[in-house]
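Just so you know, the protein sequences line up as chains S and P, in that order.
If you read the first sequence in this note's numbering, its first letter stands for residue 57, the second for the next number, and so on.
If you read the second sequence in this note's numbering, its first letter stands for residue 57, the second for the next number, and so on.
Hints in this document: simulated from the structure, not taken from any laboratory.
Each hint should be verified, as a subset may be incorrect.
Treat identical chains as interchangeable: a pair holds within one or across any two.
What the hints assert, rightly or not - In silico DSSO-like links for lysine-lysine, alpha-carbon gap of 27 Å or less:
1) Lys467 / Lys291
2) Lys465 / Lys401
3) Lys452 / Lys370
4) Lys475 / Lys291
Number of protein chains: 2
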Amino acid sequence: MKPKPNAIVAQSGGPTAVINSSACGVIQEAKKSGKIGRVIGAVNGILGVLKEELFNLSAERPETVEQLKQTPAAAFGSCRYKLKSLQDSKADFDRVLDVFKAHDIRYFFYAGGNDSMDTADKVNKLAADASYELTCIGIPKTVDNDLAFTDHCPGYPSVAKYVATCAMEAGRDTEALYTTDTCTILEVMGRDSGWIAAATGLAHRSDEDAPHLVYMPEAAFSFEKLVNDVQEVLKEFGRVFIVAGEGLKDDKGQYITADSGAFAKDSFGHVQLGGVAEMLKAVIEKEVKIKARWNKLGTNQRSAMHFASLTDVKEAYMCGKMAVKYALQGVNGKMVTLVREKGRKYKCTTGLAELRDVANGEKKVPREFINEKGNHITKAMRDYLKPLVQGEAPVKIGEDGLPVFMRFKRKLLEKKLPKYM
Amino acid sequence: MKPKPNAIVAQSGGPTAVINSSACGVIQEAKKSGKIGRVIGAVNGILGVLKEELFNLSAERPETVEQLKQTPAAAFGSCRYKLKSLQDSKADFDRVLDVFKAHDIRYFFYAGGNDSMDTADKVNKLAADASYELTCIGIPKTVDNDLAFTDHCPGYPSVAKYVATCAMEAGRDTEALYTTDTCTILEVMGRDSGWIAAATGLAHRSDEDAPHLVYMPEAAFSFEKLVNDVQEVLKEFGRVFIVAGEGLKDDKGQYITADSGAFAKDSFGHVQLGGVAEMLKAVIEKEVKIKARWNKLGTNQRSAMHFASLTDVKEAYMCGKMAVKYALQGVNGKMVTLVREKGRKYKCTTGLAELRDVANGEKKVPREFINEKGNHITKAMRDYLKPLVQGEAPVKIGEDGLPVFMRFKRKLLEKKLPKYM
Numbered sequence: 057m058k059p060k061p062n063a064i065v066a067q068s069g070g071p072t073a074v075i076n077s078s079a080c081g082v083i084q085e086a087k088k089s090g091k092i093g094r095v096i097g098a099v100n101g102i103l104g105v106l107k108e109e110l111f112n113l114s115a116e117r118p119e120t121v122e123q124l125k126q127t128p129a130a131a132f133g134s135c136r137y138k139l140k141s142l143q144d145s146k147a148d149f150d151r152v153l154d155v156f157k158a159h160d161i162r163y164f165f166y167a168g169g170n171d172s173m174d175t176a177d178k179v180n181k182l183a184a185d186a187s188y189e190l191t192c193i194g195i196p197k198t199v200d201n202d203l204a205f206t207d208h209c210p211g212y213p214s215v216a217k218y219v220a221t222c223a224m225e226a227g228r229d230t231e232a233l234y235t236t237d238t239c240t241i242l243e244v245m246g247r248d249s250g251w252i253a254a255a256t257g258l259a260h261r262s263d264e265d266a267p268h269l270v271y272m273p274e275a276a277f278s279f280e281k282l283v284n285d286v287q288e289v290l291k292e293f294g295r296v297f298i299v300a301g302e303g304l305k306d307d308k309g310q311y312i313t314a315d316s317g318a319f320a321k322d323s324f325g326h327v328q329l330g331g332v333a334e335m336l337k338a339v340i341e342k343e344v345k346i347k348a349r350w351n352k353l354g355t356n357q358r359s360a361m362h363f364a365s366l367t368d369v370k371e372a373y374m375c376g377k378m379a380v381k382y383a384l385q386g387v388n389g390k391m392v393t394l395v396r397e398k399g400r401k402y403k404c405t406t407g408l409a410e411l412r413d414v415a416n417g418e419k420k421v422p423r424e425f426i427n428e429k430g431n432h433i434t435k436a437m438r439d440y441l442k443p444l445v446q447g448e449a450p451v452k453i454g455e456d457g458l459p460v461f462m463r464f465k466r467k468l469l470e471k472k473l474p475k476y477m
Numbered sequence: 057m058k059p060k061p062n063a064i065v066a067q068s069g070g071p072t073a074v075i076n077s078s079a080c081g082v083i084q085e086a087k088k089s090g091k092i093g094r095v096i097g098a099v100n101g102i103l104g105v106l107k108e109e110l111f112n113l114s115a116e117r118p119e120t121v122e123q124l125k126q127t128p129a130a131a132f133g134s135c136r137y138k139l140k141s142l143q144d145s146k147a148d149f150d151r152v153l154d155v156f157k158a159h160d161i162r163y164f165f166y167a168g169g170n171d172s173m174d175t176a177d178k179v180n181k182l183a184a185d186a187s188y189e190l191t192c193i194g195i196p197k198t199v200d201n202d203l204a205f206t207d208h209c210p211g212y213p214s215v216a217k218y219v220a221t222c223a224m225e226a227g228r229d230t231e232a233l234y235t236t237d238t239c240t241i242l243e244v245m246g247r248d249s250g251w252i253a254a255a256t257g258l259a260h261r262s263d264e265d266a267p268h269l270v271y272m273p274e275a276a277f278s279f280e281k282l283v284n285d286v287q288e289v290l291k292e293f294g295r296v297f298i299v300a301g302e303g304l305k306d307d308k309g310q311y312i313t314a315d316s317g318a319f320a321k322d323s324f325g326h327v328q329l330g331g332v333a334e335m336l337k338a339v340i341e342k343e344v345k346i347k348a349r350w351n352k353l354g355t356n357q358r359s360a361m362h363f364a365s366l367t368d369v370k371e372a373y374m375c376g377k378m379a380v381k382y383a384l385q386g387v388n389g390k391m392v393t394l395v396r397e398k399g400r401k402y403k404c405t406t407g408l409a410e411l412r413d414v415a416n417g418e419k420k421v422p423r424e425f426i427n428e429k430g431n432h433i434t435k436a437m438r439d440y441l442k443p444l445v446q447g448e449a450p451v452k453i454g455e456d457g458l459p460v461f462m463r464f465k466r467k468l469l470e471k472k473l474p475k476y477m
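Construct the complete structure from the given sequences, taking the supplied hints into account.
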């Protein structure tokens with residue numbers, strides 16, 4: 057009897073609270089299907105494929121796999137290694153195929169953002185050109201929520217729930233101490249899109265609730281506008297709570313700040329941002345003459361498993377599960393999408409989009425989700441967001457009172473090819 | 057029949073997740089006792105007393121009062137207004153007494169840190185000098201955990217649980233992306249004591265777990281040591297997660313950084329710190345030549361009700377309740393303390409300390425809680441910490457998927473005195 061073909065799962069880019077839930081869905085569905093041999097994990101995404109650093113997920117204990125749903129970040133290891141065009145990265149692409157062949161891998165499940173979908177698409181094309189039978193399915197993952205063709209991205213609902221809660225809580229702190237600490241700025245992630253900043257707007261249930269001002273990269277920012285906005289809020293409430301996306305831009309589309317340190321660009325060539333909150337603080341203290349302080353949640357926002365959205369965990373799992381189902385149905389070269397069904401009650405199912413379309417697409421916060429002044433969200437955004445942040449993901453707590461996360465043993469498979477990198 | 061004397065409750069200094077639980081304890085116990093008339097809230101601590109901005113807590117709905125236990129920050133409003141010596145602030149102290157007399161206030165419950173205990177002590181002395189019958193009881197409150205005479209301070213266990221969880225979660229993020237994002241620095245609060253930084257050490261269950269390095273103000277810091285420490289951890293794990301208290305000092309006791317902005321000092325004259333993580337990042341990138349990123353939780357750490365310690369909520373409530381019980385027993389001029397009973401099983405009861413002793417005391421992280429190298433905690437610290445972070449405080453969630461906090465209506469009592477400030 058011919059052995060069943062193997063599948064590989066890999067995780068790429070910035071981690072989220074639920075990328076492991078998607079992996080869990082892939083592993084459990086592959087096992088359930090009975091049609092896939094080994095499910096193999098690649099250590100650190102495509103890097104692990106290139107280095108032939110692979111481990112047998114089927115050998116991990118079912119309880120460990122199940123606990124992926126309660127573990128943030130990327131349990132396989134992630135990477136920011138980008139394969140460029142087929143010409144420029146020819147050797148890399150050939151190597152990926154060689155490794156797949158050596159381990160009889162016929163299914164490639166890649167969880168990531170645009171860049172990862174681009175990689176999966178190119179691997180798929182190369183395999184087709186080489187007449188190597190391979191099925192490539194992308195699984196959406198990004199806290200930035202900027203992937204096109206999907207209603208939202210797994211990972212985003214959790215960061216949304218967390219940052220909105222953080223805005224609410226720190227907002228109460230500012231409210232309590234406004235006589236001295238009058239202004240607080242919360243800096244959140246979002247290089248080119250304001251989805252995360254926008255999510256904090258949900259905490260603003262009434263006019264007096266934080267955040268009073270929400271600045272997103274999609275709305276041109278100016279310090280003059282900031283000072284005016286702050287003065288207006290101060291007049292009414294005596295305090296002001298501001299949320300700023302890290303990638304705020306002026307009316308010419310230029311970042312209002314850029315980290316000029318030695319590592320200012322990441323490996324994908326993206327500018328690494330930082331310092332928006334500090335700039336806002338300096339301007340507000342100088343121009344409005346009130347004390348301002350700032351919080352920068354950084355990677356804590358995308359790893360906050362302890363208050364993740366249960367809806368997100370379930371949908372991320374569904375994406376992983378459906379990736380396997382679609383693959384076994386003969387679908388290839390597509391990314392699983394989340395589809396919000398029409399109707400009053402929120403219902404989310406899955407669909408499919410071409411990997412190459414997702415790779416080239418980008419979804420900004422639409423104009424109708426941003427208020428006219430460009431300093432807050434609209435009801436449309438709230439309606440979009442509310443169903444996503446429903447439910448709290450369960451958290452396993454250890455005897456020391458802190459969450460317990462799993463970690464794979466990652467016993468590496470024997471290498472079959474010469475060292476590559 | 058003579059009307060029952062009234063009590064005033066006020067909150068001071070930086071808010072915490074549980075200062076409202078203490079207030080809840082005062083209000084509910086005062087009501088239960090049947091010996092106190094109105095329980096009056098002062099808006100923004102002693103400022104509200106000076107301005108005669110007082111509201112009748114007894115008129116608030118019991119459900120609202122109960123929900124104080126699930127609401128972070130200071131529901132009465134807090135302040136950083138410091139009354140200095142009786143001579144320098146004579147007018148203020150006289151005014152406090154005048155307001156107390158005008159509203160027949162015979163009990164003064166003040167929740168705060170050293171400075172607030174100092175204020176309560178002086179008000180108490182002035183009342184005695186003026187033969188005005190007044191009972192002053194302090195309720196400990198500070199995330200910094202630096203009050204002497206109490207095993208720990210309400211507020212600290214919740215920030216401890218939260219920052220340790222944040223270190224654990226962001227640590228997993230660094231672990232996943234170490235091939236590019238090799239170093240993460242988490243900056244936490246703690247101007248002069250390292251209790252909060254130390255708490256993150258609890259997340260370090262095994263050598264590979266974050267945080268690998270914990271720097272506290274109690275251990276002299278140097279950049280040479282940092283670079284060595286980082287290189288050692290890198291050699292073993294290929295990544296490094298660092299926690300830095302905001303008030304790191306060199307071997308001469310000087311802050312390694314100080315914000316030189318326009319509002320660099322708060323109203324108590326404390327230097328406002330910031331930028332430790334940024335400095336560490338810059339040095340690590342330059343000297344170790346790895347990419348470093350940093351998170352600064354800021355006021356989000358002290359307001360994180362969504363993952364507060366249930367033990368903390370209960371003990372803070374107990375402090376409020378006992379403050380009333382002690383007052384009615386005739387105790388005066390003392391602060392309620394938390395006493396850890398001897399024995400293997402954790403049990404916490406209350407005791408009492410002189411207000412003036414607490415005002416002058418300060419509790420640093422003891423040497424035996426810090427490892428020899430000065431870059432992590434010891435088992436003694438873990439043993440101290442573990443019982444405090446047990447249990448998760450319940451969180452009421454609204455239909456929008458976010459926490460629901462209460463807010464007092466704060467209907468102000470009619471003013472009986474001329475305007476003062």
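Hint by hint, here is what the structure shows:
1. Lys467 / Lys291: between (62 Å within a copy, 21 Å between copies)
2. Lys465 / Lys401: Neither, since 42 Å and 34 Å both go past 27 Å.
3. Lys452 / Lys370: For Lys452 and Lys370, the Cα distance is within 27 Å both inside one copy (17 Å) and across copies (22 Å).
4. Lys475 / Lys291: between (66 Å within a copy, 22 Å between copies)
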